[in-house]
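Student: So that you can map any letter, position 51 of the sequence shown is 1253 in the working numbering, and since no number is skipped, the others follow by simple counting.
Some hints could be false.
[Unchecked claim] Label-pair ranges, simulated between beta-carbon atoms:
(1) S1283 to E1215: 52 to 58 Å
(2) L1210 to T1263: 45 to 51 Å
(3) M1203 to E1270: 45 to 51 Å
(4) D1262 to R1212: 46 to 52 Å
(5) M1265 to Q1207: 46 to 52 Å
(6) N1284 to R1208: 46 to 52 Å
(7) I1219 to T1268: 42 to 48 Å
(8) S1283 to L1222: 50 to 56 Å
(9) T1216 to M1265: 41 to 47 Å
(10) R1206 to E1266: 50 to 56 Å
(11) L1210 to L1272: 41 to 47 Å
(12) T1274 to L1210: 47 to 53 Å
(13) L1273 to R1212: 37 to 43 Å
(14) Q1205 to C1276: 48 to 54 Å
To be clear, the hints were calculated from the coordinates, so they are not data collected in a lab. No residue lacks a Cβ here, since even glycine has one placed at the ideal position from N, Cα and C.
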Amino acid sequence: MQQRQRLLQRLRETIQITNLEKERGRTRMDMGMDMDMDMVKERAMAKERPMVKEVAMDMDTDMENTKENLLTLCQMRYLVSNQ
């Protein structure tokens, strides 16, 4: 029982250390990435609006197709189960 408690404690400590290391690495990377993300946002806001709208429309179409496919599948299962 004590061994299990010690193992759990070591695991918690390892996770905390790993999380701290990830956070340190992330802050270093964020300094360089902030400028890149700003450029990406500017492009998206400026000229790529039609692209965003097109993707959204495609997603709506995909959702409708998925709903139809699910409905058909449910109907088929119902028919098969009632035979």
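Student: Which numbered hints does this structure break?
Tutor: Hints 3, 6 and 13 contradicted; others consistent.
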